[in-house]
Amino acid sequence: MIQCEGLAKAFSRPGARRTETPVAAVQDVSFSAADGQITGLLGPNGAGKSTSLRMLATLVVPDAGNASIDGHNVVTQVEAARRNLGYMPHDAGIYPRLTARENIHYYARLCGLSASVAQQRTGELIEQLAMTSFADRRAAGFSQGQKTKVALGRALVHSPRNLMLDEPTNGLDVMATRGLREIVRNLADRGHCIVFSSHVMQEVSALCDRIAIIAEGRIALADSLPAILSRTGQTDLEDAFVSALGLQPEQDT
Amino acid sequence: MRVSSVLVVMSKEIIDNLRDRQTLFYALLFGPVLLPLLLGGSLAMTFKQLSIDFDTVATLPVRHAERAPELVKFLAGQNVDAVAAPDDPVDAVVSGDAEVVLEIGEHFGEQLRAARPASITLYLDESDKASMRAARRVEALLGLWEQTNNSLRLQHRGLDPTVFDSLDLVTDDVSNDGASGQLLASLLPFLFIVSMTMGGFYLAIDTTAGERERRSLEPLLGLPVARRDIVIGKFGATLAFVALSVLLCAFSVWALFRVFPADLIGGEVRFDAGTVTRALLLALPLAPFIAALLVTVSAWTRSVKEAQTYLGLLMVIPMAPFFALQFLSVRSEVVLMPLPMLSQYLLLERSTLGLPLESLDVLLSVLGTLAASALLVALACALYRRERILA
Chain R
1 MIQCEGLAKA
11 FSRPGARRTE
21 TPVAAVQDVS
31 FSAADGQITG
41 LLGPNGAGKS
51 TSLRMLATLV
61 VPDAGNASID
71 GHNVVTQVEA
81 ARRNLGYMPH
91 DAGIYPRLTA
101 RENIHYYARL
111 CGLSASVAQQ
121 RTGELIEQLA
131 MTSFADRRAA
141 GFSQGQKTKV
151 ALGRALVHSP
161 RNLMLDEPTN
171 GLDVMATRGL
181 REIVRNLADR
191 GHCIVFSSHV
201 MQEVSALCDR
211 IAIIAEGRIA
221 LADSLPAILS
231 RTGQTDLEDA
241 FVSALGLQPE
251 QDT
Chain F
1 MRVSSVLVVM
11 SKEIIDNLRD
21 RQTLFYALLF
31 GPVLLPLLLG
41 GSLAMTFKQL
51 SIDFDTVATL
61 PVRHAERAPE
71 LVKFLAGQNV
81 DAVAAPDDPV
91 DAVVSGDAEV
101 VLEIGEHFGE
111 QLRAARPASI
121 TLYLDESDKA
131 SMRAARRVEA
141 LLGLWEQTNN
151 SLRLQHRGLD
161 PTVFDSLDLV
171 TDDVSNDGAS
181 GQLLASLLPF
191 LFIVSMTMGG
201 FYLAIDTTAG
211 ERERRSLEPL
221 LGLPVARRDI
231 VIGKFGATLA
241 FVALSVLLCA
251 FSVWALFRVF
261 PADLIGGEVR
271 FDAGTVTRAL
281 LLALPLAPFI
291 AALLVTVSAW
301 TRSVKEAQTY
311 LGLLMVIPMA
321 PFFALQFLSV
331 RSEVVLMPLP
341 MLSQYLLLER
351 STLGLPLESL
361 DVLLSVLGTL
371 AASALLVALA
381 CALYRRERIL
391 A
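Chains as they are written, first to last, in this note's numbering: chain R, 1 to 253; chain F, 1 to 391.
If you're looking for bench data, these hints aren't it; they were derived computationally from the structure.
Note that the Cβ used here is the ideal one computed from N, Cα and C, for glycine as well.
Keep in mind that a hint or two might mislead.
[Unchecked claim] Pair ranges (Cβ atoms, derived): (1) R/Glu182 <-> F/Tyr310: 42 to 48 Å; (2) R/Ser116 <-> F/Ala382: 34 to 40 Å; (3) F/Ser303 <-> R/Ser114: 34 to 40 Å; (4) R/Ser114 <-> F/Leu247: 29 to 35 Å; (5) F/Thr46 <-> R/Arg13: 52 to 58 Å; (6) F/Leu370 <-> R/Gln77: 35 to 41 Å; (7) F/Ala382 <-> R/Gln3: 28 to 34 Å; (8) F/Leu370 <-> R/Gly36: 52 to 58 Å; (9) F/Ala382 <-> R/Asn73: 22 to 28 Å.
The task is simple: from the sequences and hints, build the whole structure.
See below:
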């Protein structure tokens, strides 16, 4: 269960003078993601998706608002929040000189698993994510799809109830995207709470149980897909999205 | 601090970087082997070329040796055997077939008997080091022979030869060693410090700026691990490489001076196991300092390229005391002792020259260097706590 209420964050430009006003990346983000569901965070580039997820992942401290992971506050109970959350950042890098297995095993050890438990858990993930064919090869030559699987395995290594994926399908080909969707669907069916950010409408509408539309640092609308369509009076998500942002949908002529 | 997570980070970074050829080259080959070989080796070779061993038997091409049998016999007594000379001495020396050629003048015997200067020619090539070295040996021997003859001539005429010695100059070099020893002694801290810096250079960049650049830092910092533990683990891995490269460097300095004995170099400096071990122990507190410096600077930079630029500039720091001490006459003073690098230069130099060390100086040097290292590690941890580290 991931919840957030009125999150806001402003950054000063790198190298900016102290007098310069910071740029507001996130102004008012509230949504909640339930267990067993996939919640899509849909928004254009620069809407504040990554900053919101970083605040939820305890990496950035919000200027205002509250957020919790399974009831653990992300500012005051950082360690507990992290233990219950798997986070795969946008474009996450893996260690090219380590094998897929070593990459995952490293994170397992860092999460406090003993060497033998870490080894066992790594083996399970390799099987679960269908990585056996490349598990013991060094990651230097991996395809984007293989890298994403390793990064996903890393995020899942401490068996968190909650999982946040920041634009995980970026750079993946069609088959890899389908494979990833299937994995995410399975995880949700097993009761995980999943937050999935994307700017691709089609992907969000195909995969997510609930959708939070974010633009210019604010959540414009958050509901299930049918509810969003009926509330905006549109027939597809793209038009609903445009309408939710307060713009005029394209008219058929 | 959780020791287990520090060790996990440390061992991962060590294994990861052992697979990187660049890191390995600089840690295991450049500082420890190539640098001592280049610097020490070329220095030792120079000294070897300049110094003359009068005990080795050499041959000297002599033209018309039959005109000066006594001289030839004298030279043979001084380990220089006359051999037949080529017909054209100039050509032989120019082409390098002979280092020098001695030619006895036509009237050598008559001139000698008549107590006049006896003419003799030495062909040499001033542009050739080997020729000049051979020439100096021959000149020294000829000078000795001349002096003996002069004394005999004077005594023959009832004069005391010392009448002609109006000065009795005694030079007494009060430094424990000549300038060459001084240079060699300051070379040791230089080698140690440069090899430490080079040894940790790539690992420090790879584990901090490199991690940011390949975007593996963000998921790492999102794990339930204290950032301080991650930084200390990375520092530990860098320290391991820094320490390894200074150990290897000390070993290769020791081995190098087995091959080129230091007495060849004319000084009292002996790079035996004792000297090298003492120097290594004095330099060892610098290992955490240099590791901390490398980690802190690369934690502050945003990319590998930026880190290389800053650390490249930083490479001047280990060299600065070396040049300062070469050109300025800095005396070992207590106030300088807490300064990392400079104090090690001063202490190592004194120790290598065999001068006594004050225990207060050593204590201040160790404490000052360790305190500076701790400060730098704390600074690196603070840099990792900034939100901007992810940007």
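Next item on the list: Using the Cβ atoms, figure out if F/Leu370 sits within 35 to 41 Å of R/Gln77.
Entry: Given range 35 to 41 Å: holds, Cβ gap about 36 Å.
Check: For the pair F/Ala382 and R/Asn73, does the Cβ-Cβ distance stay inside 22 to 28 Å?
Finding: Distance hint for F/Ala382, R/Asn73 holds at roughly 24 Å.
Checklist line | Satisfaction of the hinted span 28 to 34 Å by the C-beta atoms belonging to F/Ala382 and R/Gln3 | finding: 31 Å, holds
Check: At the C-beta level, are R/Ser114 and F/Leu247 separated by a distance inside 29 to 35 Å?
Finding: Holds: the Cβ-Cβ distance is about 32 Å, inside 29 to 35 Å.
Next item on the list: Confirm or reject the claim that F/Ser303 and R/Ser114 have a C-beta distance inside 34 to 40 Å.
Entry: 36 Å, holds
Notebook entry, point to check: Is 42 to 48 Å a correct range for the gap between the Cβ atoms of R/Glu182 and F/Tyr310?
Noted result: The hint (42 to 48 Å, Cβ to Cβ) holds, given that R/Glu182 and F/Tyr310 are roughly 46 Å apart.
Margin query: Given the hint of 52 to 58 Å, is the C-beta distance from F/Thr46 to R/Arg13 inside that range or not?
Written below: With Cβ atoms ~57 Å apart, the hint holds.
Note to self: Taking 52 to 58 Å as the stated bounds, is the beta-carbon spacing between F/Leu370 and R/Gly36 within them?
What the structure shows: 54 Å, holds
Notebook entry, point to check: Range hint 34 to 40 Å: satisfied by the CB atoms of R/Ser116 and F/Ala382?
Noted result: 36 Å, holds
In this structure, none of the earlier numbered hints is contradicted; all agree with it.
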